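Novice: Listed below are the residues making up each chain.
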Amino acid sequence: MKAFIESLARNRLAAFGAIVLLLLVLLALITPWLPLADPDITFPANRLHPPLSEGNLLGTDALGRDILSRLLWGLRVSLAVGIAASLVAALIGSLIGIVSGYFGGRTDNILMRGIDMLMAFPYILLALAIVAVLGPGLMNALYAIAIVNIPFFARNIRGVTVGIAHREFIDAARLSGKGDLRILASEILPNVLPVIVITLSTTVGWMILETAGLSFLGLGAQPPQADLGSMLGEGRRMMINAPHVAMLPGLVIFILVMSINLLGDGVRDALDPRLKSGALSRPAPMTRIRRRLTGKHQDDAGTSPASALLTVDDLHTDFEMGRDIYRAVNGVSFTIHSNECLGLVGESGSGKSVTALSLLGLVASPPGVITGGRIEMDGRDLLGLSAREMRRIRGKDVAYVFQDPLSTLHPLIRVGDQLVEAIRLHQPLSRGAARELAVTLLGQVRIPNPQRRAEQYPHQLSGGMRQRVGIAMALANDPRLIVADEPTTALDVTVQAQALALIQRLREDKGTAVLFITHDFGVVSQVCDRVAVMYAGRIVEVGYTADILDAPRHPYTRRLIDCVPRLGEPDNEPTAIPGLPPAANALPEGCAFADRCDLAEAACRHGEIELIATDAGRQVRCIKPLGLPVHARAGVAP
Amino acid sequence: MTRYALRRLLMTLPVLLGLSVIVFMIMSLIPGDPAMAILGSYATPENLARLRADLGLDLPLPQQYLVWLGNIVQGDLGRSFTLNRPVLDEVMERFSATLILAGTSLVICTLVGVAAGIISAIRQYGWADRIITLLVLVGISVPAFWLGMLMIMLFAVELRWFPVSGMYSIYGGGGLTDLLRHLALPSIALAVVAAGVIARLTRSNMLEVMRQDYIRTARAKGLDESRVVLRHAFKVALVNLIPVIGVQAGFVIGGAVYIETVFQWPGIGRMLVNAISTRDILLVQGGVLVVAASYVLFNLCADLLQHWLDPRIKA
Chain W
1 MKAFIESLAR NRLAAFGAIV LLLLVLLALI TPWLPLADPD ITFPANRLHP PLSEGNLLGT
61 DALGRDILSR LLWGLRVSLA VGIAASLVAA LIGSLIGIVS GYFGGRTDNI LMRGIDMLMA
121 FPYILLALAI VAVLGPGLMN ALYAIAIVNI PFFARNIRGV TVGIAHREFI DAARLSGKGD
181 LRILASEILP NVLPVIVITL STTVGWMILE TAGLSFLGLG AQPPQADLGS MLGEGRRMMI
241 NAPHVAMLPG LVIFILVMSI NLLGDGVRDA LDPRLKSGAL SRPAPMTRIR RRLTGKHQDD
301 AGTSPASALL TVDDLHTDFE MGRDIYRAVN GVSFTIHSNE CLGLVGESGS GKSVTALSLL
361 GLVASPPGVI TGGRIEMDGR DLLGLSAREM RRIRGKDVAY VFQDPLSTLH PLIRVGDQLV
421 EAIRLHQPLS RGAARELAVT LLGQVRIPNP QRRAEQYPHQ LSGGMRQRVG IAMALANDPR
481 LIVADEPTTA LDVTVQAQAL ALIQRLREDK GTAVLFITHD FGVVSQVCDR VAVMYAGRIV
541 EVGYTADILD APRHPYTRRL IDCVPRLGEP DNEPTAIPGL PPAANALPEG CAFADRCDLA
601 EAACRHGEIE LIATDAGRQV RCIKPLGLPV HARAGVAP
Chain B
1 MTRYALRRLL MTLPVLLGLS VIVFMIMSLI PGDPAMAILG SYATPENLAR LRADLGLDLP
61 LPQQYLVWLG NIVQGDLGRS FTLNRPVLDE VMERFSATLI LAGTSLVICT LVGVAAGIIS
121 AIRQYGWADR IITLLVLVGI SVPAFWLGML MIMLFAVELR WFPVSGMYSI YGGGGLTDLL
181 RHLALPSIAL AVVAAGVIAR LTRSNMLEVM RQDYIRTARA KGLDESRVVL RHAFKVALVN
241 LIPVIGVQAG FVIGGAVYIE TVFQWPGIGR MLVNAISTRD ILLVQGGVLV VAASYVLFNL
301 CADLLQHWLD PRIKA
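Protein chains in written order, with the UniProt record's numbering: chain W, 1 to 638; chain B, 1 to 315.
No wet-lab data here; the hints were simulated from the structure.
Where hints are given, some of them may not hold.
[What the hints assert, rightly or not] Derived coverage of chain B by chain W (criterion: at least 3 residues anywhere in the stretch with Cβ under 8 Å from a Cβ of chain W; other residues may be distant):
(1) 7-20
(2) 219-233
(3) 279-288
[Said to hold, decoys possible] Taking CB as the label site, the calculated pair distances span:
(4) B:Gly56 / W:Ile110: 26 to 32 Å
(5) W:Ala185 / B:Glu46: 58 to 64 Å
(6) W:Leu23 / B:Arg130: 42 to 48 Å
(7) W:Ile110 / B:Arg50: 35 to 41 Å
(8) W:Leu29 / B:Leu29: 57 to 63 Å
(9) B:Arg130 / W:Asp595: 43 to 49 Å
[Claimed, not checked] A short, non-exhaustive set of chain W residues, derived as facing chain B with CB atoms under 8 Å:
(10) Leu26
(11) Ala28
(12) Met117
(13) Gly331
(14) Leu412
Computed from a prediction, not measured in an experiment: that's the story for all the values here.
From the three backbone atoms N, C-alpha and C, an ideal C-beta is built for every residue, glycine too.
Using the sequences and the hints, build the whole thing.
Specialist: Listed below in structure tokens is the structure:
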């Protein structure tokens, strides 16, 4: 509650709305005690005085009544009616919603069909029909507006209740012998209350506006009783001679509703957790780069091996969520050579995908920020490129194959057109020629009947076929590097094997380098020349695939390899790694794996543990690498 | 698609039936003798007797409903006693005027709202976004009837750019130009609220879509931002927005009641307000029924359009 009010107060607009609303409500409450003229006493001799006349600060209306006084009394009525209508609608609507959502089945069906019926009417028309039945009058207008707003509450509340009604704590309450009524009151109601408040705060202004509207039409407040709407309606007749009579009540309604809406938006934002997590903001075209650290090997950046296609040096990528900073990539360096396949292996959350996406600035930002390092290709630092320069590399020099092709292909564009688009972005081909190339590409990835498939939408293809389309799209412009981010994880085993074979074959045919991201050492052993193992945002071991599989040096690598079931060795049961990786916003000192490692000792939890070279082309981030004689260790300790 | 359309059409029938029940109840819920209530000051003994026979008021309620429904299906909505003409004729004449107004408004609010929402989403938290957010807030808080009066005073009375009220000029009027001149102010006044709502929902929808994986794919291809937004993101957002626009159509038709009163537009909203004041119940019934049924059919079309645009659901 305290956090809610604090977050509301921080929102300046909402605070402003709250203050204005409070003032208006206060004014309405103390009106009877203010030294005002009687709002209903007519004084024909004083009719239509303009504002600022003597004795009538805001002038008089057609019957010589003081407008200021009438405004304040009218505000009282409008506020009271609007709030009463909202409460009635909230009460009945929420009740229907809760009952419908909790009991479900037939009850739900009947109630919701009724609500649908109400919603089939254009909103105000239904209110008019109700007033036609009940007859004009302020109370009847109140009922009419309340009734037409019931569906909003009923639907919203039902949705939330359905979500809660099947949760464990409700079952627990039921098993403990609580009756439905008690469960509704003690378990359901407290959980749906925020939704009721949000719905209420976003509809109150609207309901005040609508009751005023009915009065404006002469169907609400009847003379001599007046609310702001009926004053506006009366003023309309002398709009041209004495505009203030109509303008002032309208202005008050406007200010009142505006203040409520400002506050309502604030309440909604304060209660909506998505806003804080950044889930409602649009990712920028390129990941934000704010390098605090430049590559630590800055001076020897030019000395990277000439055969290297891509060199990543001390890359840091953070996620900034409110005050928390998650270090997703925490100083990663590696190189990829032409025609090489480098595997990047680790559990989910180890930072491998973020590393891959950082290469071309594709990490969603906010919340992602690249805070340090260099990514070098052709002697250029990719992190220093403009958006325009980056676009020329994306899809041309470096192409991506993503994990889940159902969510990564555009659902409403034919696959052929998606390919044509990719081709024409980087090649000066006519639409027809690009189309032919697209069909050829589909054939190359072994999609049967490519001509027809090109006309289809992603949802019409099978999972394996969709991934082939993803691979075809990556191949469209003959890239020098393909970044494959778990390209086979979403596929079943046989399809997985076909996709791997496809990637293998294309590498042989075209000589493309591949950065292959996976959590599966089984897959690594099939396709990767070298492999880098990542844990908690860092590379913990890197080397040739055969060497690492043969003799892992890092305990984490060994555990990962043990996770792979081996054919023909039924006794060798795959073992899961106990425990969870550390939270990326609270990385421990020393080795991040220490808490899950059987071999950890006190020294593992202190200081910075560096990557050390062990064998040829091999590095490991461990102070006591497996399978090495003790003297080898002593020599390289930092 | 055809099968879906047929199924959807069949599902509309119970809704229409339900509507007719509710509208029928309007009459039967009125306390006292419905014939008396319908005729009001026109309740001569002959009239009363004729109406009772017409409506079958001596029958039990369900049978009365069937008689009434039978009449409606044959296009007989009864006779307005205040206007002394068939309800159907009056309703159709008035409703077409409302459709011109509301249709124009719907086009305006859709174009303006969607454009504002997209700009707002692209420039999230920038100046354009802030200004649009503020305008949207003003738009959904301003009483449409008051805004209409302000517009009359500024653009019709002071600047004399547009006529003050009505649908056609009384002298030398007629023709499309005259209609458009009369249409300008009320259609804009009517569009303001809905434009605000559409802008808001377009913005949040675009932001939602921009976070999807296929947008990242589009960027990974090397697509420039304007095409990512307009071709890839908007395509999906538009499909999501169609039902929103369908709902807004209901608000626009409802809001027409106020705007027609302010601008003296000879539409069905004004007719209903008058009919309620004069207790011309058959006219109210007929008007509500026709408008509500058209709204249901409009939403049916919106639904079919959405399915046609979204190939995922066709399968």
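Novice: The structure should be examined with respect to each hint, and the outcome stated for every one.
Specialist: To see whether the hints hold, each was checked on the structure:
1. 7-20: holds (count 3)
2. 219-233: holds (count 9)
3. 279-288: holds (count 3)
4. B:Gly56 / W:Ile110: 26 to 32 Å: 29 Å, holds
5. W:Ala185 / B:Glu46: 58 to 64 Å: 59 Å, holds
6. W:Leu23 / B:Arg130: 42 to 48 Å: 25 Å, violated
7. W:Ile110 / B:Arg50: 35 to 41 Å: Given a distance of about 39 Å, which is inside 35 to 41 Å, the answer is holds.
8. W:Leu29 / B:Leu29: 57 to 63 Å: 37 Å, violated
9. B:Arg130 / W:Asp595: 43 to 49 Å: 47 Å, holds
10. Leu26: Violated, about 20 Å.
11. Ala28: 18 Å, violated
12. Met117: Constraint on Met117 (chain W) satisfied, holds at 5 Å.
13. Gly331: Result: violated, 24 Å to nearest chain B Cβ.
14. Leu412: With a minimum Cβ separation of about 5 Å from chain B (threshold 8 Å), the hint on Leu412 (chain W) holds.
Consistency with the previously given hints fails for numbers 6, 8, 10, 11 and 13, ordered from lowest to highest.
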